[in-house]
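Chains as they are written, first to last, in the working numbering: chain A, 1 to 258; chain B, 1 to 258; chain C, 1 to 258; chain D, 1 to 258.
Bear in mind the hints are in silico, worked out from the structure with no lab data behind them. Any given hint might turn out to be false.
Straight-line distance between alpha carbons at most 25 Å, and here's what the computed DMTMM-like set of lysine to aspartate or glutamate pairs gives [to be verified]:
#, chain 1, residue 1, chain 2, residue 2
1, B, Lys206, B, Glu135
2, D, Lys93, C, Asp26
3, B, Lys117, B, Glu74
4, A, Lys7, B, Asp148
5, C, Lys117, C, Asp44
6, B, Lys7, A, Asp148
7, B, Lys185, B, Asp242
8, A, Lys7, C, Glu135
9, A, Lys93, B, Asp73
10, D, Lys7, C, Asp148
11, C, Lys117, C, Glu45
12, D, Lys7, C, Glu74
13, A, Lys93, C, Asp13
14, A, Lys206, A, Glu246
15, D, Lys7, C, Asp26
16, B, Lys93, A, Asp13
17, D, Lys206, D, Glu74
18, D, Lys7, C, Asp64
19, A, Lys7, B, Asp26
20, C, Lys117, D, Glu112
21, B, Lys250, C, Glu135
22, C, Lys93, D, Asp26
23, A, Lys41, A, Asp26
24, D, Lys7, C, Asp73
25, B, Lys206, A, Glu10
26, C, Lys7, D, Glu74
27, C, Lys185, C, Glu45
28, A, Lys120, B, Glu112
29, A, Lys206, A, Glu74
30, C, Lys93, C, Asp73
31, B, Lys7, D, Glu10
32, B, Lys206, B, Glu187
33, C, Lys7, D, Asp64
34, C, Lys206, C, Asp44
35, A, Lys7, B, Asp73
36, C, Lys206, C, Glu246
37, A, Lys93, B, Glu74
38, B, Lys7, A, Glu74
39, A, Lys7, B, Asp242
There are 4 protein chains.
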Amino acid sequence: SRFSYVKNYEIADPLLPGTFILARVDGRAFHRFSTEHEFTKPNDERALNLMNCAARGVMTEFNDIILAFGESDEFRHRSFFASTSLYNRRMSKILTALTSIFTSMYMFHWAEHFPQKALKYPPSFDGRIILYPSEQEVRDYFAWRQVDTHINNLYNTAFWALVQQGAHSTADAHAVLRGTLSGQKHELLFSRFGINYNALPARLRKGTLLVRENVTPAPSLDTASSKKKIKRTTMIVAYHCDVVGEEFWKGHSELLNP
Amino acid sequence: SRFSYVKNYEIADPLLPGTFILARVDGRAFHRFSTEHEFTKPNDERALNLMNCAARGVMTEFNDIILAFGESDEFRHRSFFASTSLYNRRMSKILTALTSIFTSMYMFHWAEHFPQKALKYPPSFDGRIILYPSEQEVRDYFAWRQVDTHINNLYNTAFWALVQQGAHSTADAHAVLRGTLSGQKHELLFSRFGINYNALPARLRKGTLLVRENVTPAPSLDTASSKKKIKRTTMIVAYHCDVVGEEFWKGHSELLNP
Amino acid sequence: SRFSYVKNYEIADPLLPGTFILARVDGRAFHRFSTEHEFTKPNDERALNLMNCAARGVMTEFNDIILAFGESDEFRHRSFFASTSLYNRRMSKILTALTSIFTSMYMFHWAEHFPQKALKYPPSFDGRIILYPSEQEVRDYFAWRQVDTHINNLYNTAFWALVQQGAHSTADAHAVLRGTLSGQKHELLFSRFGINYNALPARLRKGTLLVRENVTPAPSLDTASSKKKIKRTTMIVAYHCDVVGEEFWKGHSELLNP
Amino acid sequence: SRFSYVKNYEIADPLLPGTFILARVDGRAFHRFSTEHEFTKPNDERALNLMNCAARGVMTEFNDIILAFGESDEFRHRSFFASTSLYNRRMSKILTALTSIFTSMYMFHWAEHFPQKALKYPPSFDGRIILYPSEQEVRDYFAWRQVDTHINNLYNTAFWALVQQGAHSTADAHAVLRGTLSGQKHELLFSRFGINYNALPARLRKGTLLVRENVTPAPSLDTASSKKKIKRTTMIVAYHCDVVGEEFWKGHSELLNP
Ligand SMILES: Nc1nc2c(ncn2[C@H]2C[C@H](O)[C@@H](COP(=O)(O)OP(=O)(O)OP(=O)(O)O)O2)c(=O)[nH]1
Ligand SMILES: Nc1nc2c(ncn2[C@H]2C[C@H](O)[C@@H](COP(=O)(O)OP(=O)(O)OP(=O)(O)O)O2)c(=O)[nH]1
Ligand SMILES: Nc1nc2c(ncn2[C@H]2C[C@H](O)[C@@H](COP(=O)(O)OP(=O)(O)OP(=O)(O)O)O2)c(=O)[nH]1
Ligand SMILES: Nc1nc2c(ncn2[C@H]2C[C@H](O)[C@@H](COP(=O)(O)OP(=O)(O)OP(=O)(O)O)O2)c(=O)[nH]1
Ligand SMILES: O=P(O)(O)OP(=O)(O)OP(=O)(O)O
Ligand SMILES: O=P(O)(O)OP(=O)(O)OP(=O)(O)O
Ligand SMILES: O=P(O)(O)OP(=O)(O)OP(=O)(O)O
Ligand SMILES: O=P(O)(O)OP(=O)(O)OP(=O)(O)O
Ligand SMILES: [Mg+2]
Ligand SMILES: [Mg+2]
Ligand SMILES: [Mg+2]
Ligand SMILES: [Mg+2]
Ligand SMILES: [Mg+2]
Ligand SMILES: [Mg+2]
Ligand SMILES: [Mg+2]
Ligand SMILES: [Mg+2]
Ligand SMILES: [Mg+2]
Ligand SMILES: [Mg+2]
Ligand SMILES: [Mg+2]
Ligand SMILES: [Mg+2]
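Okay, chain A solo, but in the shape it has when bound:
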């Protein structure tokens, strides 16, 4: 029709070829959402599991995502091979599809993880895409998030111990912790509450890493089928290990040099 010229105002938004595409989704106003839905503090295992479940859902839909890191209300999918041609690397397509799938997976699996608690209102997420030219920056990105997870979680653990077990007001608890170094928080947790921070589940201290790994199919005895092209399959494995050092990356060199 004579109106269809308006379609031409859509401007293409291709992502630079050869770069690693990192997509991040983060819960919108989860401070309120976690309060209204009475998440346990500082960490709610059900909520974290639900986040992991939604992230797995996204990875199942997009095979090109090979790695994801989650903590608190957010997930970062680094996710695409540098060479992905998903949606011709159209930025908005990739970003909105991923954010929308994450959102609906979170809703879809809510009842499994919170069987006793109906959703009071629908949660939502924001998303963004960041490009990294090289492997080093991708590694540093995940390291950055994990260091941050550690700092936040140590603080939150100490804070809620003071409030819940120490009967401090929240203002008080902040005052106690202000300016303390990492070692002092460890010490405080241990001496006052008998909590050995390093013995807490790695899941809480280090966040969750979802990795797409290749599955080598068992060799077939049937000689006929051995001639067939073996279908390469993958599975998504969860880790709660350190990503700052070399070890994890050495064991997963395919993630950076696909």
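Given chain A's structure and the hints, the job is docking chains B, C and D with the ligands onto it.
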């Protein structure tokens, strides 16, 4: 930490000031989704109502959205006053928040509209943003969509009449309709199936327009309060009227010259 | 060849359709350039004429430029009809062609304007493109530049009068002028140096506006030719008039509603 | 002033950090320019030298440019260290400054290279920027250009030999060459015109590479000064060597791993 340099790779994506921001969301693979969830054909009233409900949810969250048009599995929110400063006009923020809210509203209200039918899998949506410099292009955009809705719906109505009531195969039905003009489809519907196309609900023929309208509060008798600043409230009104001609726009001049 | 994949990394950069394209070029380090080439202070007529000449050269090359405003070492070409399709609105193409032509025109015509003075080193210019959605913003853009021209020129005129005629040091002259209002500078110029600022050439106080105007060809007496399509020609006219008020724009309505 | 809001429409255009910035300039309509200024065919040594001279001028101005490749009427500066922070990596600034400097250098040095020939009109150049994430793509980019230079130059050499020495019409010459392989053109040049293509100057067959190289200052005998920080200086060296193979890059590893 020494890793935080990676944050600098996030590139700002401001939308050009002074332009009208139009956001579109469209169901991903709703051909399959509508089949699996047995939507009635060609239009499922429950499904259309659910779409409208999700769009209303978005408009309730974002006051700056003043107009939205929906048909089939998609919604276009033109949405923002040209002068909106929502999220400082950051493209990804606006786009992902809107798409995510739409998605979760759709999920949240599913059971109300499909009480007998559980979701088999989570639906998702893609989104994009288009900028228009002037009112004329915004009007033409909505006109474009409505003309398209009409063409598609007339075709689909004739098609499914042939298949469901005329016992044609789908291939056959396509063959019958190939190359027919609009008038011929009207004629076919009337002569063979007694359907007066123009008497079908406007909702199906013209799509749904959601308009934010100002509500003038009833004047207070209390003289004291009359000095108080009257809080301006708005409500979201649904229309199924023509947007190609002048009439609608004349009656809603505030939409284009806010 | 197997290397040609690298061409795909070129990313398209179309300018939003329907917007007014404004291009600005500004002399790089003209503080130094004007000193080394002994421009007279505060304004060098030869230098300003040369700038105007370069801007005309650009407008002669690109018919779609309809308006340009120059002052000091810079020129703003607003330049393009909102509907221009020059180079398919490719940003880099338009911007670099324009900046390069401006540069080479400046060099090419140097000797005409500075016959006694050889270029000591090649001058260069930076450029940028700004998009405006509506006529109002385009008008305000030129008004903004003209107001700025006025403020700068009044200051510079007073400053150099103090230095050149008043035998102040430059530090002194700045000190004298610090915090003075516009009226006080007028007063100072008049009382101390007998200069009536408003009587200075409009070219200096208001900058130069180059306008593409239609030339109506004289009607032909030859009846045969009157049936031929009359070729529309244009010429570039210089103005030094006010662009803040209504008058100029009323007389040139074709500039904003082409 | 109340107009200054228009400044906010300038949108930032930072180049992705960590990527290699490649800038290309190419003569606009040099088909005509070379004809009007009677460049010798197929290659005019004066014209090529002038291009090299302009490219050197750009490299002298921008220290961050470490490599440039020229052929015919174009130059590609790959130019920037991936980590350059020139103009905060603002795209338009870098691109226009570079294109403008190239243009004015070309004009400035014209008379040295064409002492007998005045410029009939000012030449101009277009420019663009391309980003490459890794060293491999940068290498392949230069290889791509050099392979292209070879193909074009071999064709042009054969073509002009047929026209100038063989008295063919241009249409004829194209017809003779249509569909010929590389080896056949070598053969034709040798058998008909006694030209050993591989013996032609490498400058014509391989283009010109300008490389910024470190200059190690001679050790000072003065013991006092040996404690001073040695100022690192660089010089720009021209090569006409192969860049497709490993050798050049091995000898210049600092270009890719700065
Ligand atoms: N109690 C509890 N709260 C959690 C848990 N996971 C996340 N949260 C809350 C704590 C924070 O208030 C919030 C995440 O912080 P953000 O910086 O993302 O802030 P928020 O989502 O409120 O705002 P935003 O829209 O992202 O700017 O979610 C959990 O497992 N338990
Ligand atoms: N039966 C039925 N189908 C509907 C209704 N509304 C939408 N659909 C289906 C018809 C189309 O197959 C589909 C919408 O067309 P699209 O062009 O958006 O295609 P689809 O969503 O499959 O693919 P996409 O991911 O958008 O490229 O949704 C409805 O009310 N009833
Ligand atoms: N004496 C004299 N100087 C002039 C004339 N026109 C421009 N200039 C000088 C005065 C300023 O120092 C300079 C223009 O100011 P800008 O803000 O553009 O600074 P400049 O070009 O030095 O630096 P930039 O590279 O643009 O950041 O040019 C003139 O007619 N006479
Ligand atoms: N005779 C002669 N011509 C040359 C020489 N170097 C370049 N040229 C001419 C040959 C080509 O016609 C032209 C370069 O080809 P381009 O593809 O860049 O085309 P042109 O600059 O005409 O158009 P453009 O504005 O770049 O699209 O310049 C030379 O050394 N001698
Ligand atoms: O979301 P946060 O708290 O990590 O902080 P941010 O991403 O820098 O902020 P924003 O969501 O506004 O981009
Ligand atoms: O989604 P459609 O069918 O209206 O078509 P499109 O928007 O042009 O296609 P795409 O979703 O690929 O942008
Ligand atoms: O060039 P100026 O002085 O008008 O100032 P600017 O344009 O804001 O600065 P920049 O050239 O750095 O964009
Ligand atoms: O300039 P050419 O001939 O190398 O070709 P191009 O760069 O692909 O074309 P354009 O100048 O139009 O970008
Ligand atoms: Mg955030
Ligand atoms: Mg959050
Ligand atoms: Mg968060
Ligand atoms: Mg689509
Ligand atoms: Mg769809
Ligand atoms: Mg659709
Ligand atoms: Mg500047
Ligand atoms: Mg300047
Ligand atoms: Mg200036
Ligand atoms: Mg070109
Ligand atoms: Mg060229
Ligand atoms: Mg060329």
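Here is how each hint holds up against the structure:
1. B:Lys206 with B:Glu135: Cα-Cα ~21 Å, so holds.
2. D:Lys93 with C:Asp26: Distance ~11 Å between lysine 93 of chain D and aspartate 26 of chain C Cα, so the pair holds.
3. B:Lys117 with B:Glu74: Given that 25 Å is the threshold and the Cα spacing comes to 21 Å, the pair holds.
4. A:Lys7 with B:Asp148: 13 Å, holds
5. C:Lys117 with C:Asp44: 14 Å, holds
6. B:Lys7 with A:Asp148: Holds: lysine 7 of chain B and aspartate 148 of chain A sit about 13 Å apart, inside 25 Å.
7. B:Lys185 with B:Asp242: 21 Å, holds
8. A:Lys7 with C:Glu135: With Cα atoms ~23 Å apart, lysine 7 of chain A and glutamate 135 of chain C stay inside 25 Å; holds.
9. A:Lys93 with B:Asp73: Roughly 16 Å between the alpha carbons, so the hint for lysine 93 of chain A and aspartate 73 of chain B holds.
10. D:Lys7 with C:Asp148: 13 Å, holds
11. C:Lys117 with C:Glu45: Satisfied, since the Cα-Cα distance of roughly 14 Å is no more than 25 Å.
12. D:Lys7 with C:Glu74: Between lysine 7 of chain D and glutamate 74 of chain C the Cα gap is close to 15 Å, so the pair holds against 25 Å.
13. A:Lys93 with C:Asp13: With a Cα-Cα distance of about 18 Å, the restraint between lysine 93 of chain A and aspartate 13 of chain C holds, given a limit of 25 Å.
14. A:Lys206 with A:Glu246: 15 Å, holds
15. D:Lys7 with C:Asp26: Between lysine 7 of chain D and aspartate 26 of chain C the Cα gap is close to 15 Å, so the pair holds against 25 Å.
16. B:Lys93 with A:Asp13: 16 Å, holds
17. D:Lys206 with D:Glu74: 14 Å, holds
18. D:Lys7 with C:Asp64: Measuring from Cα to Cα gives roughly 23 Å; hence the hint holds.
19. A:Lys7 with B:Asp26: The given pair, whose Cα atoms are some 15 Å apart, holds under the 25 Å limit.
20. C:Lys117 with D:Glu112: Holds, at about 18 Å.
21. B:Lys250 with C:Glu135: Holds, at about 23 Å.
22. C:Lys93 with D:Asp26: With Cα atoms ~11 Å apart, lysine 93 of chain C and aspartate 26 of chain D stay inside 25 Å; holds.
23. A:Lys41 with A:Asp26: 19 Å, holds
24. D:Lys7 with C:Asp73: 18 Å, holds
25. B:Lys206 with A:Glu10: 24 Å, holds
26. C:Lys7 with D:Glu74: 15 Å, holds
27. C:Lys185 with C:Glu45: Within the cut-off at roughly 23 Å; holds.
28. A:Lys120 with B:Glu112: 15 Å, holds
29. A:Lys206 with A:Glu74: 14 Å, holds
30. C:Lys93 with C:Asp73: Between lysine 93 of chain C and aspartate 73 of chain C the Cα gap is close to 23 Å, so the pair holds against 25 Å.
31. B:Lys7 with D:Glu10: 23 Å, holds
32. B:Lys206 with B:Glu187: 20 Å, holds
33. C:Lys7 with D:Asp64: 23 Å, holds
34. C:Lys206 with C:Asp44: 15 Å, holds
35. A:Lys7 with B:Asp73: The hint holds at about 18 Å.
36. C:Lys206 with C:Glu246: This hinted pair holds, its Cα atoms lying about 15 Å apart.
37. A:Lys93 with B:Glu74: 15 Å, holds
38. B:Lys7 with A:Glu74: Holds, because 15 Å separates the two Cα atoms, which is no more than 25 Å.
39. A:Lys7 with B:Asp242: 20 Å, holds
In this structure, none of the earlier numbered hints is contradicted; all agree with it.
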